[in-house]
Amino acid sequence: MARMNMVQAINLALHEEMKRDENVIVMGQDVGVNEGVFRVTAGLYKEFGERRVIDTPLAESGILGTAVGMALAGLRPVAEMQFSGFSYLMMGHLEGHCSRYRSRTHGHLTVPLVVRMPYGGGVRALEHHSESREAMFAHIPGIKVVIPSGPRNARALLTAAIRDADTVVFMEPKRSYRAFREEVPEESEVWPIGKARVVQEGTDLTLVSWGAMLRMALEAAGEAHARRGVSVEIIDLLSISPMDTETILDSVKKTGRCVIAQEAPLRLGPASEIIARINDKALLYLEAPVGRVGSYDVVTPYFGREQAYFPGVDSVRRAIDETLDF
Amino acid sequence: MDWRERVAAEGSRGDRTGHFEREFYRGIYLIRRLEETLLELFAAGRLSGTTHTCLGQEANAVAVAFHLTDADVVVSNHRCHGHYLARTGDLEGLLAEIRGLERGLCSGKGGSQHLCAPNFYTNGIQGGIVPLATGMALAEKQRGSGAIVTVFIGDGTLGQGVVYESFNIAALWAAPLLVVVEANGWAQSTPTPRAMAGSMRQRLEAFGLPCGMVEGTDALEIHRAAGAAVGQVRETGRPAGLIIRTQRLGPHSKGDDSRSPEELETLRERDPLPRLAASLDPEQRRAIEAECERRLAAALTATEGPL
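For the record, the sequence lines run as chains A and B.
Counting in this note's numbering, the first sequence runs from 474 upward without gaps.
Counting in this note's numbering, the second sequence runs from 16 upward without gaps.
Hints may contain errors.
[As the list claims (entries may be wrong)] List of simulated lysine-lysine pairs, DSBU-like, C-alpha gap at most 35 Å:
{"id": "1", "chain 1": "A", "residue 1": "727", "chain 2": "A", "residue 2": "754"}
{"id": "2", "chain 1": "A", "residue 1": "727", "chain 2": "A", "residue 2": "492"}
{"id": "3", "chain 1": "A", "residue 1": "668", "chain 2": "A", "residue 2": "754"}
{"id": "4", "chain 1": "B", "residue 1": "124", "chain 2": "B", "residue 2": "269"}
{"id": "5", "chain 1": "B", "residue 1": "124", "chain 2": "A", "residue 2": "754"}
{"id": "6", "chain 1": "B", "residue 1": "124", "chain 2": "A", "residue 2": "668"}
[Stated by the list, open to error] Here are some chain B residues the structure puts well away from chain A; computed CB gaps all over 10 Å:
{"id": "7", "residue": "48"}
{"id": "8", "residue": "104"}
{"id": "9", "residue": "146"}
{"id": "10", "residue": "150"}
{"id": "11", "residue": "153"}
{"id": "12", "residue": "158"}
{"id": "13", "residue": "233"}
{"id": "14", "residue": "266"}
In case anyone wonders, no lab produced these hints; they're calculated from the structure.
Cβ coordinates follow ideal geometry from the N, Cα and C atoms, glycine included.
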């Protein structure tokens, strides 16, 4: 066991997987000699060389398109988008190629590729460095969208993503990169993609969250417990697509109340989808409408107004109170 | 037996007089008749989906395919029937796919412009597949397979930005990639001069891709140019280009041709097919045509059924 932060844990997974499978290659802007703007790819270039750790031109579309071709031809590329805000130039490949080969060939041919991208706010940056667009990626049929919340699950899920037969968009909450450390097992772990985790059991209310919001959800739940003795069950979604409906439904059927806390804007976001699924299968178990917390439906503001835009512990606490007091 | 094997077999029997021209003609003629038939089926309401025929451009596909090995990869675009047939000879699989049948080469899931077979890929998004071709070429190189990747694009596709990202990456990392530009002068209904600034050839050469040019009215001339271009990529292991000035004799898709009859007549004069036909012994030519018609009729019968 070693205590490490999320950057170190992701870096560990990349080292381990590159060592395990020589078809794994890492590519992106400044990922090689410079070791990545967030140092996520530190040491890879020195250990595996320029054939497998490739500094690319500044060309998001070209990077992902080339990676798709490599994946179709048998390699396992892990392509980095330097910030998720730069990724929109590569959307055509995600939509037009990544999952369609499996469909067209009845599964004979797939695109085993990981697109890593730091995402989310809270780092006092600017709009293209701060947004959460997981819903946009998850809307594409056949694309997996994974969001770790801490070092251990980041390492275990990136390992799973690299070994997956299909394209995985791996969104790294950059405000959590160095925010805390936790124990990460010595042995490589592979967590199943599409499985949520109950990180705290409870009986009165289900709180679903993911990414950097999870820490705020935990804090808000702890505060609610201290203030009014409420027992909150907390689910770390971990994967936006596929989405683990079963774990959410099991919990909601037990607690009868639910709040979803996301960093992304609310309109047409993952929380809306979760509510639809609860309504479909567990409506009669509900004691109150499902609450949701998120950011506003506007462009992410510059850092000075970031606090007013992003949801925080307070907004989660308010939503918990409203759902309990309904 | 596909047409390349037939050429080889005929050659080995010692009867070499005109055998190459005959097989070349057979390849072109079969594609021509398939494409004409597809337009007829659409017009008769017996085909749905879409189609983009390569009438007039068939020789480009046959010429390039002749120089490729089975290990090489071909990446094509929306106008892909000719490339596929020249590469595989799989007429029935193609026809069934266009008809959306389970027995199609993609189980009827892709349709006309989304073909996917071993070492053969197409997609309908213009230029979007060029970086994929680059990535495939790089993977072949990493594997040391010796295979090359040929990607067919049109001159209209030169408007797409990712094409140049791909040229850059292919040149920087020395991808064994051949870019064949079938320049038919049109992007759907927009003439190339209205959509493209500067020189087509210089666009490739600016990235260090040596670029051949061929007028394209003579099938054998296209064949020689294709051979030189494929040979260059194979020998150097680096990307190269070939621009074929060609002509689209049919509509962009179906019934959407806004060009004047005079202009089409001028283009028909550039058609390599009748020139090649005229160079053959009439009896042998008729035999080839009859055989192609039989194959086409058989494929039509075999794929007839509820659409």
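Do the hints match the structure? See the list:
no., hint, verdict
1, 727(A) with 754(A), "13 Å, holds"
2, 727(A) with 492(A), "44 Å, violated"
3, 668(A) with 754(A), "18 Å, holds"
4, 124(B) with 269(B), "21 Å, holds"
5, 124(B) with 754(A), "32 Å, holds"
6, 124(B) with 668(A), "30 Å, holds"
7, 48, "26 Å, holds"
8, 104, "20 Å, holds"
9, 146, "2 Å, violated"
10, 150, "2 Å, violated"
11, 153, "6 Å, violated"
12, 158, "7 Å, violated"
13, 233, "33 Å, holds"
14, 266, "24 Å, holds"
In this structure, the hints that do not hold are numbers 2, 9, 10, 11, 12, in rising order.
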